[in-house]
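In the numbering used here, the protein residues as written are 39 to 323.
For the record, the hints were derived by calculation from the structure and aren't laboratory data. Since the structure is predicted, the reported quantities are computational estimates derived from the model, not experimental observations. In this text, a Cβ means the ideal position worked out from N, Cα and C, and glycines have one as well. A few of these clues could be false.
[Stated by the list, open to error] The calculated label-pair distances, taken between Cβ atoms and stated as ranges, are:
(1) Glu178 to Pro280: 46 to 56 Å
(2) Gly91 to Leu251: 30 to 40 Å
(3) Ala285 to Val101: 17 to 27 Å
(4) Arg195 to Val271: 47 to 57 Å
(5) Ser163 to Tyr126: 45 to 55 Å
(6) Ser193 to Ala305: 28 to 38 Å
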Amino acid sequence: MGVVAGLLLGAGLCLVLWALTSPPAPRERRGRWSADVADLLVQAGAPGVTPGGLAAACAGCGVVIFLLALGLSRAPAIAACFAVMAAYAPFALVRSRARRRRAALRNLWPEVVDHLASGIRAGMSLAEAVGQVGERGPVELRPAFRAFAEDYRASGRFGDCLDLLKARLADPVGDRIVEALRLARDVGGTDLGRLLRTLSAFLRADARSRGELEARQSWTVNGARLAVAAPWVVLALLATRPEAVAAYNTPTGVAVLAVGGGASVVAYRLMLRIGRLPEDERVLR
Numbered sequence: 039m040g041v042v043a044g045l046l047l048g049a050g051l052c053l054v055l056w057a058l059t060s061p062p063a064p065r066e067r068r069g070r071w072s073a074d075v076a077d078l079l080v081q082a083g084a085p086g087v088t089p090g091g092l093a094a095a096c097a098g099c100g101v102v103i104f105l106l107a108l109g110l111s112r113a114p115a116i117a118a119c120f121a122v123m124a125a126y127a128p129f130a131l132v133r134s135r136a137r138r139r140r141a142a143l144r145n146l147w148p149e150v151v152d153h154l155a156s157g158i159r160a161g162m163s164l165a166e167a168v169g170q171v172g173e174r175g176p177v178e179l180r181p182a183f184r185a186f187a188e189d190y191r192a193s194g195r196f197g198d199c200l201d202l203l204k205a206r207l208a209d210p211v212g213d214r215i216v217e218a219l220r221l222a223r224d225v226g227g228t229d230l231g232r233l234l235r236t237l238s239a240f241l242r243a244d245a246r247s248r249g250e251l252e253a254r255q256s257w258t259v260n261g262a263r264l265a266v267a268a269p270w271v272v273l274a275l276l277a278t279r280p281e282a283v284a285a286y287n288t289p290t291g292v293a294v295l296a297v298g299g300g301a302s303v304v305a306y307r308l309m310l311r312i313g314r315l316p317e318d319e320r321v322l323r
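Please work from the sequences and hints to get the whole structure.
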């Protein structure tokens, strides 16, 4: 028992000493929301915009529209409603652009995988096969892969360059492709070509099925947007009449606007959630 106690004490002291002398683990630099918004900006084609810049743009739009609506209608409640909509508009625009760009890239990823498979089949190294996508691949994805080739020529560190490529792409499919290449580089093997061909076939089938579902779903989304926008268009028209403005300046009018706004948001989000297709998440970020 004395020997066991001594071993346990020694092991505990070693662990304490190791914890005290080891460098601190790097802290998460950005929260989950900030990282998701940064990915959304990259997917929307605006990598130079920061999450803080987007938040500032939303706040600026809200303040400008509030002051403008307040000057035109003299009703703070009505001005606040349109200010909230205006504050959400930049974020909604980024989400819309990111959604359209993801849909466009969904049809291009199989071509990227085919280029990688053909390059590897031709005897290129993994770095050369990835770099040649920047010259012969889809035009929309060439800048990211061209930047990978430049990074690799400058540093020669394949893993670090793959991390930079993932950050530039900010796409779940791109993450899977990059991690497949990293795994092939680290452990070797001859199944990479077969893996890429299987992945290409899977991506084509997924893009075809998703395109058909989105075409059938579009009427639901457009109907939801029209149903949400119609009452507020009517409110904007009513705001031109002094008696309507006076009615909405009362506590009852403010309550009606608050309940209507909450009902619009809940109904719109519920309809989108019911008809929404599952989206890939960046689990390999």
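Here's how the hints hold up against the structure:
Between Glu178 and Pro280 the beta carbon distance is about 52 Å. The supplied range of 46 to 56 Å therefore holds. Roughly 34 Å separates the CB atoms of Gly91 and Leu251, a value that falls within the hinted 30 to 40 Å. Distance hint check: the CB atoms of Ala285 and Val101 are about 26 Å apart, consistent with the given range 17 to 27 Å. Between Arg195 and Val271 the C-beta distance comes to about 56 Å, which sits within the given range of 47 to 57 Å.
Here the CB-CB span from Ser163 to Tyr126 is close to 48 Å, well matched to the stated 45 to 55 Å. Taking 28 to 38 Å as the suggested C-beta distance range, the pair Ser193 and Ala305 does not conform, at roughly 52 Å.
In this structure, only the earlier hint numbered 6 is contradicted, and the remaining ones agree with it.
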